[in-house]
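Peer 1: Since each chain comes alone in its own frame, lean on the hints to assemble the complex.
Respectively, the protein sequence lines represent chains A and B. Using this note's numbering, the letters of the first sequence map in sequence onto residues 1 to 208. Using this note's numbering, the letters of the second sequence map in sequence onto residues 1001 to 1439.
Worth flagging that the hints you see were computed from the coordinates, not collected in a lab. Do not take every clue at face value.
[As the list claims (entries may be wrong)] DEER-style ranges, computed between Cβ atoms:
id: 1; chain 1: A; residue 1: Asp156; chain 2: B; residue 2: Gly1157; range: 55 to 63 Å
id: 2; chain 1: A; residue 1: Asp163; chain 2: B; residue 2: Thr1250; range: 49 to 57 Å
id: 3; chain 1: B; residue 1: Gly1271; chain 2: A; residue 2: Asp156; range: 24 to 32 Å
id: 4; chain 1: A; residue 1: Asp123; chain 2: B; residue 2: Pro1073; range: 17 to 25 Å
Cβ coordinates follow ideal geometry from the N, Cα and C atoms, glycine included.
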Amino acid sequence: MTARTYEPYEGAKLERLEADAAAILARYPEHPRSGLLPLLHLVQSEDGFVSPDGIAFCARVLGLTTAEVSAVATFYTQFKRKPNGTYTVGVCTNTLCAIMGGDAIFDELAEHLGIGHDETTPDGAITLERIECNAACDYAPVMMVNWEFFDEQTPDSARDVVDRLRAGEPAGDTGLAAGRDSSVDTPTQPPSGGTADTKTRRKPSEEA
Amino acid sequence: MATTLTPVLTDRWDASRSWTLDAYRKAGGYSALRTALAMDPADVLAAVKDSGLRGRGGAGFPTGMKWGFLPPPDGGPRYLVVNADESEPGTCKDIPLMMADPHLLIEGAIITSYAIGCHHAFIYLRGEVVHVYRRLLAAVAEAREAGLLGPDVAGSGYDLEITVHAGAGAYICGEETALLDSLEGRRGQPRLKPPFPAVAGLYGRPTVVNNVETIASVPSVVANGADWFRSMGTERSSGFGIFSLSGHVTRPGQYEAPLGITLRELLDMAGGIREGHELKFWTPGGSSTPLFTAEHLDVPLDYESVGAAGSMLGTRALQIFDETTCVVRAVSRWIDFYAHESCGKCTPCREGTYWMKLIYHRLEAGEGTQEDLATLLDVCDNILGRAFCALGDGATSPVTSSLKYFRDEYEAHVTGGGCPFDPVAAARFAYTPKGLVHA
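Just chain B, same shape as in the assembly (with noise of 0.2 Å):
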């Protein structure tokens, strides 16, 4: 049986004026809210434990379980805070989730603040996306005005604030240790675990941090119940999520589809591969992850089974590049990201990052020698599992995985002397190059 695409959280994108309080209550939006404030809070937690979702955000840790790791109330503050930091290439979700939908992710932080008894709750977005922070402010104030953020949340009697957090410009604040530095005021560097988050987040206290997917999946499973949840996907992997479509693909977007659909079916509802080409590689879920090829067709996109075929499910960010990509000229873009946002804190990512970039900007100028491919692998092992946090580890997914595959390609560079391919083939409008030096 074909998989069949399940708009839950992109069900209202295409209302009108979707971003308003008035279209999303229209829409049944905050009934799902006033469910969860006549539950105990203990209930709501455990209907989010047993729908089985996982992190949206990509390492895709049980959702409930990690917000029962907060240790019993001690009569101190708590906090949630939403990571709506996208950043990772790619990924391209949660920003058009919070632009066409903003109140879904307030209820949701709305009904997991209750749930975990948090009575403050940030959302840490990037500061690069300026009418995404005025929507969400706006959604906010809307959202309190109603009687629905503040104190006594819908006459309930509990009591909630929502600070909405401009980042300004880091990577590596989505990672959520980093990003808590960042909410305190600091340069956003990862700090060490233990002790986690749970334990000691952000001002020290308890702290929950969830990607703004995943908040926005708590209203659905609250007002449906966990085992509608688990209709979806499979056993281990629930539900449903956004798959975000993008390069050399005739139909671009966000598929909300179940954990397990592949990217073949996907492909078929996006149109397939542009016209006249065919896919050469793609990622599963961001840069970040080791990237996969034709062979990966039919590989169920759910967590085990992508782990299983030796790369990530990620953030389901699949950028898809066809036959007229030079697989060593997008690696090396992506490690020039890798390079600029590594915030120096350890030396294996912070050096490892910089001599690839070195390296890879060699090899598209035709000065790349077989004894650069052997460095690459080594410089990738001395990082790998070397540093605080995972980006120096995603830095060397791109470049481990093409060269399993495309070693060729490598060598060609280095035998050739330079790249052999048209950049003008890739694009996608005719142009003529001006033969400027990308370094």
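For reference, chain A alone in the conformation it holds in the complex (with noise of 0.2 Å):
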């Protein structure tokens, strides 16, 4: 058994927690299930993962066993089982990115790392991952960290962003595709919508 990482789902925690899950609920009248992806979502932007105590809240709050939960949360790749580091750097290796550069970008960060697929450094920093594509194909090779886009990248470049990220220096815009506008300089997390979206430790984007 190993120690848990993550705060207990009491007190504040819980509170918070159940106010964001009502209000995913109120997006899918009458149909609470739907709900269970965001809520997932949600357990994953606290606690770094899909957590045990995670599952067993989604479950309690939409009447399923933790086992139908747990059903779900496995058959997504975006859904972890053990905690990712503070950045999950992904290089897209599917093909056109892979050809273009992708492998070399992979292989550069995986040795200055010194960590493969789905591992994470030991200071917690970075969870290195191959991802597929992503839909950014022209701006190949493209690097993802939390999920917001680093376009045409080069072994240097990502080198230089991972080196950045875990020195705790913003790593600067991506800003070559149309309406990209946002800088990764904080931790984020996947998407959970509504008030537990722009709840979750991610800067503020300049939208709207």
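Peer 2: This is the structure we're talking about:
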């Protein structure tokens, strides 16, 4: 039994999560189960992965068994079964990006960080992943940091990004694609939406 | 006469803060909605039917006909679900569209919902694009604030809610019935059809599922009319679409043009293949469409012509590879993808993609045999048409087409003890390989 890496579901945390869960379920009137993926994103944004307590929370909110919730959570690649690092660095190694240089970028980062696919640096800063096509092929090779795009990467630029992230510095703008304006300088997690989405440890972007 | 670009969907992408309601309205946005709300819903549907607009998500099914399949209203809910799960390798049009011009999609979703009698629409967005998710949420909130969503849309007495829903990383959820299961909070696995979603879709109710680009095309049809739309493209593939050029091309990007344009024309606009190199192979519509070669440069990129030439128009995701690219390496990586993304429901797809993956890894490592090449074709034969959905069929496309056009290259991997290509030559930067094994 490994030590729990997340706060227990009690007190202020539980109150906050229950309010977020209620806001999520309000988006799916008469069909609360549609809120399951957003709820899983919510607990992952809190704990860094879909924790056993997070699964129990989703099950209780929706009146499902933990087995039913786990069956869904384990189907989707984005839901993690163990804690990721502060930054999830994904290198696209699907065909187009791989050939344009994604394989070389992944190799560079693997050697530089001393980790392989789905592994985390000992300081807990970076989890390295191979990712599938994320729909930015005209900016290949593409890398994503906590699901924000980094376009037209090279081994040098990718190494620079992870070094800055580990040093706690802003990793710079992506800025190349139409309308992409956000910079990754705070830890982010996948979306849970609504109030939950604005609440997580994310820098407010310059939306609207 | 040379074909020219026809920016409609991409027209506002370079505007300052193009994603805001203010910018969209300044460019004439939401005027089509007012036009539509003054029409009878049946007339909106008829206009879309007359335009000949076909689904832009890959299958090319006539959009107006799809809407027309909904049974007559019975007093219960009917749904519009926008498929924004863009995940087909090479496809990169919907994500930039939603990023640069989210209100175009929202206006299209409101008009479509009005036409089909829907009061709660969903946008199912792939989960990996957090910034697009934020942008859609902000745009929906802006539209609601402006009275364009919610009760009494734009003072018309019509009510509509739009919920933006994020997936969680599963290519299969782009398949419309798997998407519906996922939206219902389940594993995203395809349903047996019939019943089709038009009859029993989301929550068992009549549902229209359309791709982002399809829905985003609707406002311009309403604003300019079916004849305007039909003035572009070909008789059976009318209108315009986004052609996504990526890979070994001088200026990759999104080129919006009439259907029926050729790759030769698109390459002229994109500055050609990267300097000093020549076209080797390309996908006309994503990795699930059979490969084309230089002999297909003049095939009109419309549904009929691409089909007649042995492939599919798909999502117009033109992934372009020059002579430095090993076709076995390319297809191997696509098969890794299909094996990873097969939902596991149907044995031929689940097992077939897995065994093909092992064969490809053997070939690239120099451990393949002649028999492996025959086995690949045999496995494809046992996948094609033998599963619930088209994922497995798509996996066979690059395999059979690459063996058809480049069998010599496969054999060189067998007889030469591995891959004869230098990956450094194909990359867009110079580097020193680290000799790591990619498996």
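Peer 1: Taking the hints in turn, state whether each one holds.
Peer 2: Consistency of the hints with the structure:
| no. | hint | in the structure |
| --- | --- | --- |
| 1 | Asp156(A) to Gly1157(B): 55 to 63 Å | holds (59 Å) |
| 2 | Asp163(A) to Thr1250(B): 49 to 57 Å | violated (32 Å) |
| 3 | Gly1271(B) to Asp156(A): 24 to 32 Å | holds (25 Å) |
| 4 | Asp123(A) to Pro1073(B): 17 to 25 Å | violated (60 Å) |
Hints 2, 4 from the earlier list are contradicted by this structure; the remaining hints agree with it.
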